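Just need the whole structure built from these sequences, with the hints factored in.
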Amino acid sequence: MKMITAMVRSSRVDAIKNALVAIEVVGMTVSDARGFGRQKGQVERYRGTEFRVDFLPKSKLVVVVQDAKEDAAITAILEAARTGEIGDGKIFVTPVERAIRIRTGDSGEIAI
Amino acid sequence: MPRTFPSGGAPSAEAFFAQIRHRFLAGIQQPQLRGAAFLAMALGAGLLPLMAGSARAALQSAPTDGADNMLMLFGAALVLLMTPGLAFFYGGFTRSKNVLNTMMMSFFLMGLIGVLWVVIGYSLAFDAGFSSPFIGGLGAMFLNGVGGPLGDAPLAPGFPISATSFALFQGMFAIITPALISGALVERISFKAWFWFCLLWSLLVYSPMAKMVWGGGFLGAAEGMMGAIDFAGGTVVHIASGVAALVAAAIIGSRTTWPANKRPPHNVPFILLGAGLLWFGWFGFNGASMFAAKTAGLPFLTTTTSASAGLLTWCLIEWFKDGKPTAVGAATGAVAGLVGITPAAGFVYMGPSIAIGALTATACLIAVRIKAAIQFDDSLDTFMVHGVGGTIGALLTGIFAAKTLVPADYFPAAAKVLEEGGNAGLFLTQLKAVLFTYGFVGLATAVILWVLGLVMPLRVSSEDEERGLDYVAHGEEAYDPMTN
Numbered sequence: 001m002k003m004i005t006a007m008v009r010s011s012r013v014d015a016i017k018n019a020l021v022a023i024e025v026v027g028m029t030v031s032d033a034r035g036f037g038r039q040k041g042q043v044e045r046y047r048g049t050e051f052r053v054d055f056l057p058k059s060k061l062v063v064v065v066q067d068a069k070e071d072a073a074i075t076a077i078l079e080a081a082r083t084g085e086i087g088d089g090k091i092f093v094t095p096v097e098r099a100i101r102i103r104t105g106d107s108g109e110i111a112i
Numbered sequence: 001m002p003r004t005f006p007s008g009g010a011p012s013a014e015a016f017f018a019q020i021r022h023r024f025l026a027g028i029q030q031p032q033l034r035g036a037a038f039l040a041m042a043l044g045a046g047l048l049p050l051m052a053g054s055a056r057a058a059l060q061s062a063p064t065d066g067a068d069n070m071l072m073l074f075g076a077a078l079v080l081l082m083t084p085g086l087a088f089f090y091g092g093f094t095r096s097k098n099v100l101n102t103m104m105m106s107f108f109l110m111g112l113i114g115v116l117w118v119v120i121g122y123s124l125a126f127d128a129g130f131s132s133p134f135i136g137g138l139g140a141m142f143l144n145g146v147g148g149p150l151g152d153a154p155l156a157p158g159f160p161i162s163a164t165s166f167a168l169f170q171g172m173f174a175i176i177t178p179a180l181i182s183g184a185l186v187e188r189i190s191f192k193a194w195f196w197f198c199l200l201w202s203l204l205v206y207s208p209m210a211k212m213v214w215g216g217g218f219l220g221a222a223e224g225m226m227g228a229i230d231f232a233g234g235t236v237v238h239i240a241s242g243v244a245a246l247v248a249a250a251i252i253g254s255r256t257t258w259p260a261n262k263r264p265p266h267n268v269p270f271i272l273l274g275a276g277l278l279w280f281g282w283f284g285f286n287g288a289s290m291f292a293a294k295t296a297g298l299p300f301l302t303t304t305t306s307a308s309a310g311l312l313t314w315c316l317i318e319w320f321k322d323g324k325p326t327a328v329g330a331a332t333g334a335v336a337g338l339v340g341i342t343p344a345a346g347f348v349y350m351g352p353s354i355a356i357g358a359l360t361a362t363a364c365l366i367a368v369r370i371k372a373a374i375q376f377d378d379s380l381d382t383f384m385v386h387g388v389g390g391t392i393g394a395l396l397t398g399i400f401a402a403k404t405l406v407p408a409d410y411f412p413a414a415a416k417v418l419e420e421g422g423n424a425g426l427f428l429t430q431l432k433a434v435l436f437t438y439g440f441v442g443l444a445t446a447v448i449l450w451v452l453g454l455v456m457p458l459r460v461s462s463e464d465e466e467r468g469l470d471y472v473a474h475g476e477e478a479y480d481p482m483t484n
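Chains as they are written, first to last, in my numbering: chain E, 1 to 112; chain R, 1 to 484.
Note that these hints are calculated values from the structure, not bench results. Mixed in with the good hints, there may be bad ones.
Facing chain E, a subset of chain R residues (Cβ under 7 Å, in silico) [as the list claims (entries may be wrong)]:
1. Pro264
2. Pro265
3. Val368
4. Arg369
Partner residues are not named here, just some residues of chain R that face chain E (Cβ under 10 Å, in silico) [as the list claims (entries may be wrong)]:
5. Lys192
6. Pro259
7. Lys262
8. Val328
9. Lys403
10. Glu476
11. Glu477
Please read all numbers here as calculations on a predicted model, not as lab measurements. Beta carbons are placed, not taken as given, at the ideal position from N, Cα and C, and that holds for glycine.
As structure tokens, then:
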């Protein structure tokens with residue numbers, strides 16, 4: 001099993017979800033996040049005073065998939081999340097040792 | 001204009017209702033029906049005291065005017081709404097960990113000053129006991145005697161509004177004035193120090209200022225006084241709160257995070273909501289200061305026109321200079337326009353009201369930018385908007401006041417200044433009144449804070465500042481992150 005963590009534009013989250021559901025990856029977690037990479041921040045102005053806002057709002061999407069679906073899931077996220085501009089985000093993949101479904105106690109790939 | 005009513009009408013009306021009730025109940029023999037009838041009468045009972053009340057009012061041959069009184073009561077309600085409006089206006093600017101404390105600094109005064117005004121504040125401003133041009137007296141404590149036994153006696157012989165509606169209306173001004181000061185001190189002043197500061201400042205600065213300008217005192221337009229005119233509080237409310245804010249911010253010092261770690265406003269929609277409520281309430285603030293329903297149309301008009309001109313000017317300058325008109329700028333420009341027109345509202349016509357709004361907004365915008373450049377922590381620009389705006393407004397009132405709107409029977413000293421020196425003369429008189437206000441309020445505010453500083457710390461510790469004043473001062477948080 002692999003955990004795919006994608007930092008993406010919030011406006012792309014619906015498209016990413018649809019792309020993942022289309023390849024039968026069902027179940028994911030999204031949270032609001034703030035961060036910056038190459039995009040850096042933006043300058044806001046209130047009553048003429050400038051404020052540098054370095055951390056921009058993004059969405060953090062976490063999904064755990066079977067090893068066999070890793071590449072397909074990454075491709076789906078890549079295609080749905082990409083706009084081609086700086087600030088599209090990043091994808092990180094990490095191995096998962098165990099997965100347990102709380103309701104039944106099922107463990108392993110069946111639980112994801 | 002005293003009115004006469006047919007005598008004897010009232011008692012017979014009350015007796016008439018009593019008779020009907022008796023006959024009606026006596027005529028129903030069935031006990032169940034009697035119960036139902038009683039219930040119906042109980043429902044109608046809300047009406048009876050009203051009728052009896054109006055009958056009694058008729059007995060009084062009240063010399064006040066109903067519409068004028070209504071204007072005062074409606075105006076008072078409008079001005080009251082400005083204080084929670086101000087709480088939202090200021091609350092939007094702060095960090096989310098300080099928003100409740102910021103809003104409480106305004107909201108709480110509806111309690112503190114609301115009581116203080118009735119107990120002694122009104123008396124110090126409008127009683128004549130001390131026969132002094134600087135302070136009122138102690139004869140009207142607890143509004144003793146104000147409005148006579150039924151509360152409907154006129155403010156002065158021949159005046160169409162009741163003394164009670166006047167005291168109420170003025171009380172709303174007393175509440176919002178110290179609340180305005182809070183903008184300069186947010187996110188660091190201790191709430192205990194704020195409590196005592198507002199109590200003392202209201203008695204030692206606000207009430208004397210109200211006496212001097214509106215109570216027939218030293219600065220005002222009564223016979224033999226300086227002859228400055230202030231329609232609805234340019235000096236008393238805006239310059240006074242602005243100067244106090246400047247002095248207090250200088251004494252209490254910057255927030256520890258200022259300016260290195262400054263943060264943008266946490267809720268800009270709050271700022272717009274607050275500015276909208278302020279604008280709405282300002283109809284009462286300026287419009288009802290006319291004290292006469294028939295002629296209130298003019299100050300209502302000049303008020304909203306100046307606000308529009310202020311909003312437009314601020315946004316256009318931003319658009320031209322920075323490339324974008326901002327929401328915070330729109331809110332601030334509108335408030336600046338309202339501040340500017342406050343001393344002038346009933347003394348000028350439409351052209352000047354547009355000019356006052358535009359010029360005040362421009363001056364305030366420059367002041368705000370200078371403040372940002374010199375990094376002085378008047379956190380929410382109280383002096384830059386209310387002090388500077390009030391000053392510009394007071395001076396422009398001198399320049400633009402129309403002779404017809406400053407009648408000699410209401411404003412004898414000011415009419416005399418206008419007659420002899422024209423608008424230039426009135427401008428100089430206004431300037432004198434402004435300078436006096438700066439000196440008096442600045443000095444008195446400094447003394448109050450110096451004395452308070454001997455007894456208690458004026459600001460919270462830097463750890464508490466870091467933690468956020470909502471929790472430190474009130475044990476609450478505005479936004480629970482785990483509300484689900």
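Verification of the hints:
Among the interface hints, the one on Pro264 (chain R) holds; its C-beta lies about 4 Å from the nearest C-beta in chain E, closer than the 7 Å criterion. At about 6 Å, the closest approach between the beta carbon of Pro265 (chain R) and any beta carbon in chain E falls short of 7 Å, and the interface hint on this residue holds. With a least beta-carbon distance of about 5 Å to chain E, the hint placing Val368 (chain R) at the interface is held under the 7 Å criterion. Restraint check, Arg369 (chain R) versus chain E: the minimum CB separation of about 5 Å is within 7 Å; hint holds.
Evaluation of the Lys192 (chain R) hint against chain E yields a violated restraint, the C-beta minimum of about 30 Å exceeding 10 Å. A hinted interface residue such as Pro259 (chain R) counts as satisfied when its beta carbon comes closer than 10 Å to some beta carbon of chain E; here the least separation is about 9 Å, so the hint holds. With 10 Å as the threshold, the beta carbon of Lys262 (chain R) comes within range of chain E, its nearest partner Cβ sitting at about 7 Å, so the hint holds. Interface restraint check for Val328 (chain R): the shortest CB-CB distance to chain E comes to about 5 Å, inside 10 Å, so the restraint holds.
A cut of 10 Å between beta carbons decides the hint on Lys403 (chain R): the least distance to chain E is about 38 Å, and the hint is violated. This hint is violated: Glu476 (chain R) has a C-beta 24 Å from the nearest C-beta of chain E, more than the 10 Å allowed. Interface hint status for Glu477 (chain R): violated, as the beta-carbon distance to the closest one in chain E is roughly 19 Å, over 10 Å.
Consistency note: the structure conflicts with the earlier hints numbered 5, 9, 10 and 11.
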